[in-house]
Amino acid sequence: MLKYIAKRLISMVPVLIGVTFLVFAIMHFTPGDPATLLLGEEAPPAEVERMRERMGLNDPFLVQYGNFLFGLLRLDMGLSLTTGRPVFNEITNRLPATIRLAAAAILVAIFIGVTAGIIASTKQYTIFDGGAMFIALLGVSMPNFWLGLMMILLFSVFWNNTFGYVLFPSSGFDTWRHLVMPAVVLGTAHAAFITRITRSSMLEVLRQDYIRTARSKGLSSRVVIYIHALRNALMPVVTMAGLRFGVLLGGSVVTEQIFAIPGMGRLLVESVRSQNYTVVQGIILTYAIIFSLVNLAVDLLYAAIDPRIKVQYK
Amino acid sequence: MATEATAVKTVTRKKQRTRLQETWRRLKKNPWSMGGLILIIVLALIAIFADQIAPYGYNEQDYFRILQGPSRENLLGTDNLGRDVLSRIIHGSRLSLSIGFITTGIGLTVGGFLGALAAFYGGRIDNLIMRFMDVILAIPGFIFAIALVTALGPNLTNLMIAVGINTIPYFARIIRSSVMSTKENEFVEAARVIGSSDLWIIFKHLIPNSLAPILVQATLRIGDTIIIASGLSFLGLGAQPPLPEWGALLSAGRGYLRVAWWMATFPGIAIMITVLAFNLLGDGLRDALDPRLKN
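From first to last, the protein sequence lines stand for chains C and B.
Here the first sequence is numbered in our numbering, starting from 1 and rising by one per residue.
Here the second sequence is numbered in our numbering, starting from 1 and rising by one per residue.
Hints listed in this document are in silico derivations from the structure and should not be mistaken for laboratory results.
All C-beta atoms in this analysis are idealised placements derived from N, C-alpha and C, irrespective of residue type, glycine included.
Worth double-checking, as some hints may not be accurate.
Claimed, not checked - A few chain B residues that don't get close to chain C, going by computed Cβ distances all over 10 angstroms:
no.	residue
1	L27
2	L45
3	G69
4	F101
5	R131
6	G153
7	F187
8	I228
9	L250
Stated by the list, open to error - Derived pair list, reagent style DMTMM-like, types lysine to aspartate or glutamate, alpha-carbon separation capped at 25 angstroms:
no.	chain 1	residue 1	chain 2	residue 2
10	C	K3	B	D134
11	B	K29	C	D129
12	B	K29	C	D299
13	B	K28	C	D129
14	C	K7	B	D51
Construct all of the structure, not just a fragment, from the sequences and the given hints.
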């Protein structure tokens, strides 16, 4: 198992180095001079030039990239062009909110998706199946920022007008009630996707001989579905949920914006608007690292679900 | 001998025709996909004849009718500048549909070309291209699009380029795997023997023979790109005012959510219906082209 983890970790390295190069190159060729942005438009040219020298902006591209890469190894992502504070600290301040939101959303998605998927597959061609699949299709077709606005309209505005209090607050991030709407908004598309995969995967598994055997042994339907079928049907669900996690991370940017959550996504949008390129660069890298780590975790989970993979790497 | 050859030719032609017809026949039997197709046609007609259909111009302001709810004069209400929301949505369909088609077109052309090159030459070229695709895929799509728009500058054209670049890896992967299996066929060998150039073989023989998976992927991608693009516009990184792009309309409506619910509600429904139509058709096409996948 350790060998498997090590192999997967090593395979992540070249891709992540590639990501650093791509992101650094995109930001490097973005118009706007970081030294001027840091010092302000009115700064005297001599001072800007000194700052450029200090920031290493006069070095050739590859030297700058090399310095950036070595900096990353020491967790140094440069300085924020608006606050002058280290980018690393700015990001770690905002990271917990994003992780909390993403974790809550994925829990919502898995709970709703797997449950709906099981119901749809065990009651194939009934109204439950049709209904679940149609809602799932709506779920993947709906932009999450629109769903967010509609939920605010319903649970904050209309609810307040009708009952005189706010059921779920529409901004902030202090209590669990603040988390409900953003988690549902962010989790919906994912839930819809998981429903579809769970259904098709379960339908395939339910037709296998060993399920027939289990049933003919006289096992209860519940045991057959939850113990025998679900475990085998979960493999593609876990894989696809992991691959689609990137979509969820992307969606968190808009969700944080709508519900005024002080996370990394909101910082990204603020930084893009204020041309704070060092922070933009740092945040994109952090998102890529989180995404890669989640996919690593998915692979490990895969090994946990399917004993054959574990055996391969003993 | 000659008759035999003609007979074989007729049979193959017949087979080809029936395969296409078979797909269409299966697609026709699926009411959901046909619904999707009809919706797409209707949306396309609305986009084409927007000037004739829309009751008002998209930037026609009436200061006496600011933030009015749905009424007979303005079916979906008016916005903060007194512009008719329905007319803005109708004109916006032009932008959102073009964004969907153009971005998918960029991904399809560039990704298709790169994928075909990778599969055809294999070895180092394959490795180089596909590792580059892995790098792009390691960055969550929406976030990569934000990075590109930041670098290029926020406007409609750059938005399309950014979202288009985003879809390249998906097409590259699909076309690569499809070409990999097609290139082993004898007709490719035959083309090479009669002296066809590599590019000719790729464009004339390999890509056309991989059309089925490309078609399904493209249909499903159009929906995705419309959502991504409207999300970027929602953040102010895409279409700029007064353009009535649906995401931008939603963004404007957000500020008036408490006083004018219609401003944010209806553009979102427009996005949902459009994306739903493409998803319905894409799902149906996938099942029709490969009935084994259907449960």
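Hint by hint, here is what the structure shows:
1. Listed as outside the interface, B:L27 is consistent with that label: its C-beta sits roughly 17 angstroms from the nearest C-beta of chain C, beyond the 10 angstroms cut-off.
2. Look at B:L45: its CB is around 20 angstroms from the nearest CB on chain C, clear of 10 angstroms, so calling it non-interface holds up.
3. Separation of B:G69 from chain C is adequate, the least Cβ-Cβ distance of about 14 angstroms exceeding the 10 angstroms criterion.
4. For B:F101, the non-interface assignment is confirmed: its Cβ lies about 17 angstroms from the closest Cβ of chain C, beyond the 10 angstroms cut-off.
5. Distance to chain C contradicts B:R131 as a non-interface residue, since its nearest Cβ pair spans about 7 angstroms, not more than 10 angstroms.
6. Residue placement check: B:G153 does not keep its beta carbon more than 10 angstroms from all beta carbons of chain C (closest about 8 angstroms).
7. For B:F187, the shortest C-beta to C-beta distance to chain C comes to about 34 angstroms, beyond the 10 angstroms cut-off, and the non-interface label holds.
8. Remark: the non-interface label on B:I228 conflicts with the geometry, its nearest Cβ contact in chain C lying 8 angstroms away (cut-off 10 angstroms).
9. Listed as a non-interface residue, B:L250 fails to keep its Cβ farther than 10 angstroms from every Cβ of chain C; the least gap is roughly 6 angstroms.
10. At most 25 angstroms may separate the alpha-carbon atoms for a hinted pair to count; C:K3 and B:D134 meet this at roughly 23 angstroms.
11. Proximity of B:K29 to C:D129 is assessed by CA-CA distance (about 19 angstroms); at most 25 angstroms being required, the pair is judged to hold.
12. For the proposed pair B:K29 and C:D299, the alpha carbon gap of about 39 angstroms is over 25 angstroms, so the pair is violated.
13. A hinted pair counts as satisfied when its Cα atoms are at most 25 angstroms apart, and B:K28 with C:D129 qualifies at roughly 22 angstroms.
14. Under the criterion of a C-alpha separation no larger than 25 angstroms, the hint pairing C:K7 with B:D51 is inconsistent with the structure, at around 59 angstroms.
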